[in-house]
Amino acid sequence: MNDSLKKLLEAAKTAKQSPAQLEQQRRSFVYGNTAFENSLITREMVDQEAEKLAREVDANKRERAAE
Amino acid sequence: MPTSGSERRNSRALEAPLIADPKARAAAEARNGFRQYDAGIKTVQTALERGVFKLRLSLILALHREALAGISSYAGNFRPAGVKIEGSRHEPVGAHLVTGGPPSRCRTSYSRLSSTPFMAFAAAMSLLSAVIIGQRSRSASAT
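Read top to bottom, the protein sequences are chains D and C. 1 is the number of the first residue of the first sequence in the numbering used here; add one for each residue after it. 1 is the number of the first residue of the second sequence in the numbering used here; add one for each residue after it.
It is worth saying that the hints were derived from the structure and are not from the lab. All figures in this text were calculated on a predicted structure; none of them were measured in a lab. Heads up, some of the hints might be wrong.
Dumping the calculated BS3-like pairs for lysine-lysine here, alpha-carbon to alpha-carbon at most 27 Å [claimed, not checked]:
no.	chain 1	residue 1	chain 2	residue 2
1	C	K23	C	K84
2	C	K42	D	K52
3	D	K13	C	K54
4	C	K42	D	K13
5	C	K84	D	K52
6	C	K84	D	K61
7	D	K6	D	K16
8	D	K16	C	K23
9	C	K42	C	K54
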């Protein structure tokens, strides 16, 4: 491993990701992990499902808070 | 990695599909992809907080369930039938051999990574791929 790569790896260990970057990475992972076996899965579809799940999570939180 | 045309890799499980519409099935696969990712991240965070990770069969099957819930009748269970992977020379083992593989791999090679949760989880995901193959993607009649 050369010095440049070592420095990059060290920097990556302490780098802080923003919530938006984490979400972008999450969606990218899901697209990459699913689309390679099913060509009908698109980035748009992945975005739509992410929004749906987020709405479901919000609704569940509201339900629990109301109980 | 082949990504299009006749070279695309397709796993085919020999079971009846729970979702017949291909687009609805694709959406379900994407949705479950998020559920599996979120469960995976939670597992890693818990392991980091505890400082130890133990790869267990129950985790493999729990991730499998997240990936296949609503898509396959066998979500969270070992496949009981054979699969084919189109576009790959790899031949998955027969169904009768599936149950023996993951437990022994949990005990041996994967457990050696227990001090590094991320590596252990990567190993778990790799193992999961071996188990899951053929069930998430398009189900088809026996080939």
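Results for each hint:
With a CA separation close to 22 Å, the supplied pair K23 (chain C) and K84 (chain C) stays within the 27 Å bound. Note on K42 (chain C) and K52 (chain D): the hinted pairing holds, with a Cα-Cα distance of about 20 Å set against a maximum of 27 Å. Our distance criterion of 27 Å between C-alpha atoms is met by K13 (chain D) and K54 (chain C), whose separation comes to about 23 Å. Proposed proximity of K42 (chain C) and K13 (chain D) is supported: the alpha carbons are some 19 Å apart, at most 27 Å.
A hinted pair counts as satisfied when its Cα atoms are at most 27 Å apart, and K84 (chain C) with K52 (chain D) does not qualify at roughly 32 Å. About 42 Å separates the Cα atoms of K84 (chain C) and K61 (chain D), which puts this hinted pair outside 27 Å; it is violated. Using a Cα cut-off of 27 Å, the hinted pair K6 (chain D) and K16 (chain D) holds, with the two alpha carbons roughly 18 Å apart. At roughly 37 Å between alpha-carbon atoms, K16 (chain D) and K23 (chain C) are farther apart than 27 Å, so this suggested pair is violated.
Distance restraint check for K42 (chain C) and K54 (chain C): the Cα-Cα separation of roughly 14 Å lies within the 27 Å cut-off, and the hinted pair is therefore satisfied.
Checked against the numbered hints above, the structure breaks hints 5, 6, 8 and satisfies the rest.
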